[in-house]
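Spelled out from the first residue to the last, the chains are:
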Amino acid sequence: MATKEYSFYPGCSSQEGASSSNYLKSVQTMCDVLDIKLNTIPDWNCCSASIGYCGGGELPRLALSARNIALSEQHNAGQDIVATCAACWLATKETQERLETDPDLMAETNQALSEAGLTLKNENKIRHMVEVLIEDFGYDELGKHVTKPLEGVKIAGYVGCQTNRPFGIEGESFENPKYLDKFIETMGAEPVENYDKKVSCCGGALAFSEPEKSQALIKDIIEAAYDGGADMIVTPCPVCQMNVEVYQDKINATYGTKFNIPVTYYSTLMSVAYGKSGKEAGLDGQIIPAKKLEEIAGK
Amino acid sequence: MSDMNTGMVEKYRNNFLKEVEANVEEGEWVKMCMQCGVCSGSCPLGPHWDHPPQELFMMIRAGKRDEVLESTSMWMCTSCYNCIVRCPRELPITHIMHGLAHYATRLGIEPKNQPTRKFSQLFWDNLAKNGRVNELKLGISLYFMNGFVEGIKTALGMAGIGMGMVKTKRMNPMEILGGHTVKDKKGFQAMIKKAQELEAARVDN
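Top to bottom, those sequences are chains F and E.
In terms of my numbering, the first sequence has 164 at position 158, counting the first letter as 1, and numbering is strictly consecutive.
In terms of my numbering, the second sequence has 170 at position 164, counting the first letter as 1, and numbering is strictly consecutive.
You may find that some hints are simply not true.
In silico contact screen, one side only, chain E against chain F (beta carbon under 10 Å); selected entries [claimed, not checked]:
(1) Val155
(2) Gly170
(3) Lys173
(4) Glu181
Derived by calculation from the structure, the hints in this document are not laboratory data.
Ideal Cβ positions, reconstructed from N, Cα and C, are used throughout, including at glycine.
So here's chain F without its partners, still in its complex pose (with noise of 0.2 Å):
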């Protein structure tokens, strides 16, 4: 296959010294088995994730998405626009619909736009990167290149909100994704079957302003992977991975439980099944590690 090229949109928390900057480690790494070119748009901006609307009203966050949109036309044109966080690529998309179906505030976003040099056509495809293995690849072609399947990891497909809802994936409920359990079965791991809380909330951004009633939530999650034999649990959204990993001290000491279950990225799985380190797959990032992984890699 010849190489594919996207317009890369990372984000703020897969930058470097960010909350995500492991997923971006592991994201590199499975794009470079599967020769795919992830062009980054210069310098893009942060999209508000869906929680700056107390002080950003509906035109100026529009304008955010719009700005990093017409970058990607002027520098990488033509190409896909492809993000990795659940949150850029619902706000990028959620824009692109907005201004779709309102002339109005397309002229006024174009309006807002010119005081930076720029101009939107609101042309191109904006997807999430799920998408394009799905889509552009297929489970099929995603297999070929496993040199060294998950054999004998259990792993909870956790999909969470924004992946989700309210796009979601193409030919895929938003009740019951499978897509996610589909990765895990062609990484060669098994997938709990009928994980309840698959696309339940984990309190996305309120886990910092509302820690108690998200870690609520969070436990839920755990314990329901937990109940599935799961050995860990995998996602495709940065909030989820740092809610659900990084508060299970907390939880713990709350709720007398004894969680201490990993949670990585589709991406790391996908990395580690390629045959790559445990450096490359990003498995350094893990604050719980993920020793199976790290066991298979290490081989």
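Knowing the structure of chain F, use the given hints to seat chain E on it.
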């Protein structure tokens, strides 16, 4: 009461629904709510809301202006989009919640001490300054949003998690000295300013 809030009360008198339709993001959808309650039942933090979405929509139609705009409810939206995909009439409920919260802020009658309100404002200020979020400064400002003493307590309580993030290189203490930024800060800030001006001119007053 802010001048703008007084102005809006006078302008719309007893028709709060009209006020919402004209000024709140996606507000024109409110009248389409058929009161089935699926949104309320689908909301992850719904049990903590004084008024779940379905109730807020009814209250808007009933003209309960202060109760709606001063409510802490919509500030507890986690943006999970359950309500949007399940609403039989496809109301963009998540966006209406954000829109109500923003409109209350614009009028100066938002619940000042609601923690997510504070966090949401901190997040916006953080990103609007440099174009990209500085997670370290955002975290620190969050811990100290309720004052210094409370901040020290929260920060100490979170120290374990912070250390884990630093060790795994998912947090960089040096970010305190500046951190990530867009290169064209001038253009970025001018764009935001223009968008804010255009929006202020559009909001009816």
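Any hints this thing doesn't respect? Which numbers, in order?
-> Hint 1 contradicted; others consistent.
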